[in-house]
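Engineer: The C-terminal position of the sequence shown is numbered 125 in my numbering, with every residue numbered one higher than the one before it.
Among the hints, erroneous ones may be present.
Claimed, not checked - Each computed EDC-like pair below joins lysine to aspartate or glutamate, with the alpha-carbon atoms no more than 20 Å apart:
{"hint": "1", "residue 1": "K90", "residue 2": "E121"}
{"hint": "2", "residue 1": "K87", "residue 2": "D117"}
{"hint": "3", "residue 1": "K90", "residue 2": "E69"}
{"hint": "4", "residue 1": "K87", "residue 2": "E69"}
{"hint": "5", "residue 1": "K93", "residue 2": "D111"}
{"hint": "6", "residue 1": "K93", "residue 2": "E113"}
{"hint": "7", "residue 1": "K93", "residue 2": "E75"}
{"hint": "8", "residue 1": "K77", "residue 2": "E113"}
{"hint": "9", "residue 1": "K93", "residue 2": "D117"}
{"hint": "10", "residue 1": "K87", "residue 2": "E72"}
{"hint": "11", "residue 1": "K90", "residue 2": "E75"}
{"hint": "12", "residue 1": "K90", "residue 2": "E72"}
{"hint": "13", "residue 1": "K93", "residue 2": "E72"}
{"hint": "14", "residue 1": "K90", "residue 2": "E113"}
Worth flagging that the hints you see were computed from the coordinates, not collected in a lab.
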Amino acid sequence: MNAMSLNHLWSYLQGLSLTASNQRWLANHLIEAAESAECKSQKKELVFPKIPKDYKPSARVLAMTCGPLPNNFDVENELDEMWEERAR
Numbered sequence: 038m039n040a041m042s043l044n045h046l047w048s049y050l051q052g053l054s055l056t057a058s059n060q061r062w063l064a065n066h067l068i069e070a071a072e073s074a075e076c077k078s079q080k081k082e083l084v085f086p087k088i089p090k091d092y093k094p095s096a097r098v099l100a101m102t103c104g105p106l107p108n109n110f111d112v113e114n115e116l117d118e119m120w121e122e123r124a125r
């Protein structure tokens, strides 16, 4: 909503004959709606499993590849990318 619409809404609300109890009820519901919207808009942080830095693929895993892994192959980077793709 733009500022003009919000000002019109505020003027309308002020024109209503609301009791203090009604105002509190409205305020609480607006706060709840705002908090709910904020929670939905925040992205949850991805949590990846801990993988040891010295992780070496087993012989069984290596046997599934077409040949030896290239010298510059980064297992950590590949695992991170895999988990990020799965999280989408």
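Engineer: Mind listing which of the numbered hints don't hold for this structure, in increasing order?
Structural biologist: Result: hints 3, 4, 7, 8, 10, 11, 12 and 13 break, sorted rising.
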